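Chains as they are written, first to last, in numbering that gives the first Met the number 0: chain R, 0 to 526; chain P, 0 to 526.
None of these hints come from the bench; they were simulated from the model. For clarity, every value in this text was computed on a predicted model and none was experimentally measured. The beta-carbon is built from N, C-alpha and C at its ideal position, and this holds for glycine as well. Possibly wrong hints are sitting among the right ones.
[Unchecked claim] In silico DSSO-like links for lysine-lysine, alpha-carbon gap of 27 Å or less:
#	chain 1	residue 1	chain 2	residue 2
1	P	521	R	506
2	R	485	R	434
3	R	525	P	431
4	P	348	R	255
5	P	431	R	521
6	R	434	P	431
7	R	485	P	255
8	R	521	P	206
9	R	279	R	521
10	P	228	R	431
11	R	255	P	380
12	P	521	P	255
13	R	485	P	40
14	R	255	P	485
15	R	431	P	521
[Unchecked claim] Here are some chain P residues the structure puts well away from chain R; computed CB gaps all over 10 Å:
#	residue
16	73
17	109
18	259
19	369
Now for the letters of each chain:
Protein chains: 2
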Amino acid sequence: MITGKNYIGNTLSAKGTKTYTTFNPQLNQENSISFVEATTKEIDLAVQLATNAYPQFSGLSGTRKAEFLNAIADEILALDDLLIKTYCSESGLPEGRAIGERGRTVGQLRSFAEMVKEGSWVEASIDTALPDRTPVPKPDLRKMLIPLGPVVVFGASNFPLAYSTAGGDTAAALAAGCPVIVKSHPMHAGTGELVASAIIKAAAKTKMPNGVFSNLNSSGIEVGVSLVKHPGVKAVGFTGSIRGGRALFDLASQRKEPIPVFAEMGSVNPVVILPEAAKKRGETLANTYASSITLGSGQFCTNPGLLLGIKGDALTAFIKNLSDAIVKIEPSCMLHPNIIGAYENNKQKAVSQSGLQVVADFGAGVQSNYARQTVTTVEGKTFLENTTLHQEVFGPYSIVVQCKDKNQLEQIVAHLEGQLTGTIIAEEDELKEYKEIVSALQNRVGRLIYNGVPTGVEVCPSMQHGGPYPASTDSRFTAVGIHSVKRWVRPISYQDWPDSQLPDALKNSNPLGISRLVNNEKTNRKL
Amino acid sequence: MITGKNYIGNTLSAKGTKTYTTFNPQLNQENSISFVEATTKEIDLAVQLATNAYPQFSGLSGTRKAEFLNAIADEILALDDLLIKTYCSESGLPEGRAIGERGRTVGQLRSFAEMVKEGSWVEASIDTALPDRTPVPKPDLRKMLIPLGPVVVFGASNFPLAYSTAGGDTAAALAAGCPVIVKSHPMHAGTGELVASAIIKAAAKTKMPNGVFSNLNSSGIEVGVSLVKHPGVKAVGFTGSIRGGRALFDLASQRKEPIPVFAEMGSVNPVVILPEAAKKRGETLANTYASSITLGSGQFCTNPGLLLGIKGDALTAFIKNLSDAIVKIEPSCMLHPNIIGAYENNKQKAVSQSGLQVVADFGAGVQSNYARQTVTTVEGKTFLENTTLHQEVFGPYSIVVQCKDKNQLEQIVAHLEGQLTGTIIAEEDELKEYKEIVSALQNRVGRLIYNGVPTGVEVCPSMQHGGPYPASTDSRFTAVGIHSVKRWVRPISYQDWPDSQLPDALKNSNPLGISRLVNNEKTNRKL
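Turn these sequences into a full structure, and let the hints guide you.
Have a look at this one:
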């Protein structure tokens, strides 16, 4: 049952007076449940409980944390149809997508559980003493990763499950040993509360300290701002717009004690189509990209919003084929009237720029909150000179840039802002011929794709999801995959510490049987 | 020969009109060579050359980068006596220290050379494709670390070699594949130029691209500010004061494209002396700490500036013994009149606080620029209430806080700012009895020492040098040891990339023979 209340630790709480509802974009109407925003006192209490929970939670064994993470996955599945129905009613997304995203969410939780249970992720490193070394003895030094402290997570509007309440950021932070406070996304507050209730149930079942998790409702920016400025908060995870992410980054940097913010923000995910590939596979490519651009109404951070090619018959044919294919696709519902409003505004802003030509537009006769997909094209020179055209239009929109030659293409790629992904569509021989372009693209992106589409972010250790600013606020970390835990931990060294008092990961006997760097050699052996 | 000029890439350049000299604190006089500050044009050119050098340098093999790093070490040694004499004349530090620090510098360069030659540091990770997976095929994904781009390094006044021109930050950044621009420290500009000449010679001998290294003279803040704000600069390393480090962090965070700043800043390095240990080993401890506090005139970032104990006969005796021991130590020369001026000012500010008692002071009759070591003591309550007493007094100064009980001691530890190190002096049984204090201290520090002194920072993989703010601006990284390379790199994923076009580290045949994570298993095998 959805109560509309906050979870302040284990306790349902609704002390505030400000309320809001979620919206069903398919029915074009407000949902009925009223959500109560968290008050300043509730925020303080959530942070205090998280701070109190930290010493105990951060010291738990990997096995205990794995129990918790697996129990969260179980409890999410136990929400069953109620979760799926609530998800759909708050996002306009189809049931298949809800089920798929739930699978991804549960899969992420279980893969972090496996990681902490195995235990080698703490990067244990041991350098034993050399008491007889001259001129000074070498001390015994042992290093491992420990959690930073309470983490605040801002969920994404476009992933109500996998990048929200119990999504990648939360799973990684809990795996690290950090208590988590979620600033619930107002567009899917009911989905958020259900998932929060699953986490709270799992915490009770596995005997986690109260405060290990809180879920705060909020329709505006105040709750988020208070959390990021709160001295008890030690790190922030965010998925959303550049404006939102940058605002949080600025707040966190200006604190007396600055804290890390990992914000995964916008991206136009440039796709470079090289001439031979355009010639040989133009038609297939056009169909593939028509699907990728419109997938999930274009509401993916990896949506291909910028296609770059060299002017000529092959590119002209590709544009024609893409236009023909994309208008045949049925429009789909966007997440919220605000999202479709922003889509139409941003598209209008782009389209009104001088030199831009609309080559495909679904046209009229579309249901409320359904997005009309659009493709535009522009000359390379115009694109280079007008950075408005470089901005993301979040939704099923893409611009095809027709460069006059290879040099102009390279120049455009080198001048792009940081991106989550970059794609090269090429015949294998062309990769060598255009190696400067490949190299320039590599310097702007977190993930480089060959002959594919950027949509579809595999969850696996080799995935990098993040990239140079503004794709993310710190390109040195990933938001997806088990290595995303590194955002929430720091190394600590123990010098000459008695073996019995060391954490298990660093003890001589290696009771966890983990892989460690011992005197520069990777080994699972005991000392 | 020292020219007083800048190295703008390979070229000695002195276009500016602003000049300055270094100072010999032992002789209490200016040195004769005049250094010419870098101009805006020279700064721009250095960044441009670094940007141009980046694509080539970042793509070099580990073997080639190792040649460069080892050649730098060789060329530094070849500077021989001139380097040692210049070092001493610009720092007032004794020859033994200069030789020791040169050894550390050369050792760091060689250990990074070994790391990049071996090659596994890039954390290669491979997840092979599952083309038949349903509902969607799994792509082939391969991830590794790549360099961020041009890095600016600000050297430390107190380590003219090991944390300056070719110190830890530079060695790590070059190992990563990042071109480096050093903002030369004005107090040891001659030492800096000599080391820069060694790097430039090594770059020429090993055929590195022009711009892989530049060295810019500067006596004020302008050159540093310009560098940190420059769009071509992608990361910053700094060692020095909290004020300086925070200013650079703020500048970097406020850029249109924010960049990471790793600043290793101040620390008082709290030492907790537990009652049994004070009772049993008080006298030995007093001697050990008298030496640690005065080592190198207290000019170490790990200098123990805060000793915490529980009021009683044992602590009273310890204070008496420490005071007796420390005044017997001969004062030594500080780095510069500005440093000793700041020492005397900060000490005066501390000593003038109400409730503070001076228990040891070397007194009069000290040579110019030689520091008079001082020990003070204060009640726990006074310390808790007056955060001025928590501030670092850079130099041979320490304050002994007498807590009324265990609770007050825990309260003080929990309220400390972030620290590079924390030390527990205890009998082994006491660690359990005082486990809340140990846990509170762990949350405030980067390195936890048992029954030792914080001075002496071993260079090895298990060293963590850094800590919660303001010990450093990002506790997730270390400034010492091979893992410090992680500050200057980011992961990139290649999706479905043709094997022949992948970097060697990710190729099926594993031509580098490095350790990789392949489908979740660590292995050196080829695919």
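How the hints compare with the structure:
Restraint check for residue 521 of chain P and residue 506 of chain R: the C-alpha separation of about 22 Å stays at or below 27 Å, so the hint holds. Between the alpha carbons of residue 485 of chain R and residue 434 of chain R the distance comes to roughly 32 Å, so the proposed pair goes past 27 Å and is violated. Restraint check for residue 525 of chain R and residue 431 of chain P: satisfied, since their Cα atoms lie roughly 24 Å apart, inside the 27 Å limit. Using a Cα cut-off of 27 Å, the hinted pair residue 348 of chain P and residue 255 of chain R holds, with the two alpha carbons roughly 22 Å apart.
With a CA separation close to 31 Å, the supplied pair residue 431 of chain P and residue 521 of chain R exceeds the 27 Å bound. For the proposed pair residue 434 of chain R and residue 431 of chain P, the alpha carbon gap of about 61 Å is over 27 Å, so the pair is violated. For the suggested pair residue 485 of chain R and residue 255 of chain P, the alpha carbons sit about 25 Å apart, so the restraint of at most 27 Å is met. The hinted pair formed by residue 521 of chain R and residue 206 of chain P fails the criterion: a straight-line CA distance of about 34 Å is larger than 27 Å.
The straight-line distance between the Cα atoms of residue 279 of chain R and residue 521 of chain R is roughly 48 Å, outside the 27 Å bound, and the hint therefore fails. Restraint check for residue 228 of chain P and residue 431 of chain R: not satisfied, since their Cα atoms lie roughly 35 Å apart, outside the 27 Å limit. Under the criterion of a C-alpha separation no larger than 27 Å, the hint pairing residue 255 of chain R with residue 380 of chain P is consistent with the structure, at around 24 Å. A C-alpha spacing of about 40 Å is found between residue 521 of chain P and residue 255 of chain P, which places the hinted pair above 27 Å, so the restraint is violated.
For the hint linking residue 485 of chain R to residue 40 of chain P, the alpha-carbon distance of about 40 Å lies beyond 27 Å, and the restraint is violated. Restraint check: the Cα-Cα separation between residue 255 of chain R and residue 485 of chain P comes to about 25 Å, which is no more than 27 Å; the hinted pair holds. For the proposed pair residue 431 of chain R and residue 521 of chain P, the alpha carbon gap of about 31 Å is over 27 Å, so the pair is violated. The beta carbon of residue 73 of chain P is kept farther than 10 Å from every beta carbon of chain R, the shortest such distance being approximately 23 Å.
Every Cβ of chain R is farther than 10 Å from the Cβ of residue 109 of chain P; the closest lies at roughly 14 Å, confirming the non-interface assignment. Taking the minimum C-beta to C-beta distance to chain R, about 7 Å, the non-interface status of residue 259 of chain P is violated against the 10 Å cut. Interface exclusion of residue 369 of chain P from chain R stands, the closest Cβ pair being 24 Å apart, more than 10 Å.
Of the numbered hints given earlier, the model fails hints 2, 5, 6, 8, 9, 10, 12, 13, 15, 18; all others are met.
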